[in-house]
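All chains, full assembly: derive it from the sequences and hints.
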Amino acid sequence: MEGNIAELGLGAGLAALGVGNVAGNFLAGALRNPSAAGGQTATLFIGMAFAEALGIFSFLVALLLMFAV
Amino acid sequence: MADESTGGGLTIKPMDQFLVKPLFGEGPVGLFTISNVTLWMALAVLGIVLMLVVGTRGRAVIPSRSQSVAELVYGFVHNMVVDVSGKDAVKYFPYIMTLFTFILFANVLGLIPTSFTTTSHIAVTATLALAVFLTVTIIGFVKHGVSFLSLFCLTSAPLPLRPVLAGIEVILYFARPVSHSVRLFGAIAAGHAVMKVFAGFAAVTFIAPVAILGMLAIYALEFLVAALQAYVFTILTCVYLKDALHPHH
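As they're listed, the protein sequences go chains A and B. Just so we're aligned, residue 404 is where the first sequence starts under this note's numbering, counting upward by one. Just so we're aligned, residue 1116 is where the second sequence starts under this note's numbering, counting upward by one.
In case anyone wonders, no lab produced these hints; they're calculated from the structure. Glycine included, C-beta positions come from ideal geometry on N, C-alpha and C. The reader is advised that the hints may include incorrect statements.
Covered by chain A, according to a simulated footprint, are these stretches of chain B (three or more residues, beta-carbon under 8 Å) [unchecked claim]:
id, stretch
1, 1245 to 1255
2, 1291 to 1298
3, 1337 to 1349
Pulled from the structure, derived: some chain B residues nowhere near chain A, Cβ distances all over 12 Å [unchecked claim]:
id, residue
4, 1135
5, 1148
6, 1157
7, 1167
8, 1182
9, 1186
10, 1194
11, 1259
12, 1267
13, 1277
14, 1280
15, 1283
16, 1319
17, 1320
18, 1362
Written out as structure tokens, the structure is:
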């Protein structure tokens, strides 16, 4: 049980790294060329969603381990 | 939840809020039982009707407050469809507008304390995602016939690599409804579970101030997540629709 919860924390933390990476790189690019940044916010959110989804998958696996298995 | 900590024995049941209960009386929940899910879905639809039909009833050139909210939402989704999927996707705008407003209202209504979040159930989000998946696949095959399969053929890749990449693309295509639904369900369910955990901690006297401040912060974050997940779900629908309308890389 504790192992499952540790896995969940690990997955969430690594997904946080991914989301932070997306946002940080977007900001770095946006500050270099602010005029092009506005048109790319959709891409930013799609990238964040993909990174975040993997963290949520770890949450789902933890839920499955807790309730379904 | 909070009243269950008696004598230092802290019991936090973060999953109790996701229970589907019949609205009238007791008993098992069947396919046609009117449950709390039905109630909050109906309230979401009612909210959308209030915003879009009653709010714009005046048809004023200078919009009232409620009319300008409805116009903002309409314009926002319309711009999204045109920007992401292209001008020829405007035909499918009603469907995408429906998805966005329904998910937005379900998420935001779920943030009302003691309410029920319909989008925190995989059954609801999987239905929405499967509907999008089937719609998009059917549109692709109706518009392009067999040449829709060129979606899986990456012409920019070297020739020997293409079969491998096509296999990966096919797997990715069928993983779409899974990730599409689990993303919304997971983000909402996880957020609400975290809120309930903080609410449980608030029952312990000496950490109650910290727990309530944490609760406030998580609640604000959840408000952002509610809007963001509706946006992400909709924009991914637009991306899938673009792939169906223009499958040639």
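Tell me the hint numbers this structure goes against, listed in increasing order. Structure breaks hints 1 and 10.
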